[in-house]
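*Asks:* Sequence:
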Amino acid sequence: MDLTKQAKLGLLFGDLKNQLLLDISSLERGKTLKVLDQEQVTAMTGLQRPTLDNWRRGRPMKPETVEVAITTAEQYLKDVAVHRRRNKEGFEFERINKEIERLSLGLARFRAAFLRADASVYDVAEILGMQITTCQQTLDNIIYRQWPLFPAMYYDMPGDAVREADDVAEQHLARYEGVYLAHVRRGENLWLQAPLRVRYLMECGKGRFIRCKMNFPIIDPGALAAPKNGVSPKYWELDGTLAVRDQNLYWCMEKRQSQRNDYFYFITGIESTTGSNHLTLSGTYLTTGQDARQSIVSGDILLHRLFSDDGKDKLHLAYRDIMWNEVKVFTSKPDIDVADKRWEQYRTRYERDDDDKDQ
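With the sequence shown counted from 1, adding 162 to any position gets you the working numbering.
Careful: at least some of the hints might be erroneous.
What the hints assert, rightly or not - Okay, derived cross-link-like pairs now, DSSO-like style, lysine-lysine, Cα gap no bigger than 30 Å in a straight line:
1) K375 - K390
2) K179 - K167
3) K396 - K495
4) K260 - K240
5) K250 - K224
6) K390 - K240
7) K250 - K167
8) K193 - K167
9) K368 - K390
No lab work stands behind these hints, which were simulated from the structure alone.
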């Protein structure tokens, strides 16, 4: 969720940790308060809970609504000043006047900052008497209450009036859904074959993501993987997401097993490098190796889609057969040579297409 600068400032002004509002409420009661509640914020600013909740969900914020809230707070402070000055004399009167002046200046400064195009959260933190970390955590809590980590990997929920044909997430899923074989170059003399499936859309928080599954080969199962029922598994299961953005596909995979926790990231082009109906995507990956130190490794990756799920294979027999049995480590020279040739063939064609576009 991408909150606008003014939305962030408006949310901070209406937050329960706004020290400026807390000090106004403390002045009104004649004692130092430690916390605010929503009723107090609403009384001072006129901002209702549903309004703030809508902003927290990323819905559009009208700047004039915040300006009215500031005006309401200024009037509230004036009313408090009349009440607190009544029957006060000497030092107490002077102390109250100084506090009223300080709070009035704070509201005026916030208004000026809110109306400035270049005002930042850092500027407003000092005005509202909030620590920078508190402001950042407040905004992060708002964002990640609605969205999981890395919100750019997620798609908005479709509105009531959005047809499936116009749903961007559905369009991207329709384009890339299916069962793939990923060929991963490891070093100079090794290729790994990993079956991958782009599955379906999943709801999470207030958004959706394209769910993926990948089985990644273990180069030396006996040396690395803990035996399962007396047999060392030959692959690790990875769960992940696919996001279609601009000219690239962004794939993020996380190893399901807790032992040797690992992540596998790769970026491929958005268009097939085969120039045919068979979808082939080439790119680069970043992960850690299968050595004891889990050294950082990167290299080439080539995805070739075998078929899409047309709904006829209800038991996923073909899919399961590929996911379970096509996990391979290419160790023989003929297999490696074929993989190298395939990579060069697709990359050459891909680069040639790019050159043609530039001309």
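*Asks:* Now tell me if each hint is right for this structure.
*Replies:* Here's how the hints hold up against the structure:
no.: 1; hint: K375 - K390; result: 21 Å, holds
no.: 2; hint: K179 - K167; result: 19 Å, holds
no.: 3; hint: K396 - K495; result: 21 Å, holds
no.: 4; hint: K260 - K240; result: 13 Å, holds
no.: 5; hint: K250 - K224; result: 41 Å, violated
no.: 6; hint: K390 - K240; result: 73 Å, violated
no.: 7; hint: K250 - K167; result: 42 Å, violated
no.: 8; hint: K193 - K167; result: 34 Å, violated
no.: 9; hint: K368 - K390; result: 38 Å, violated
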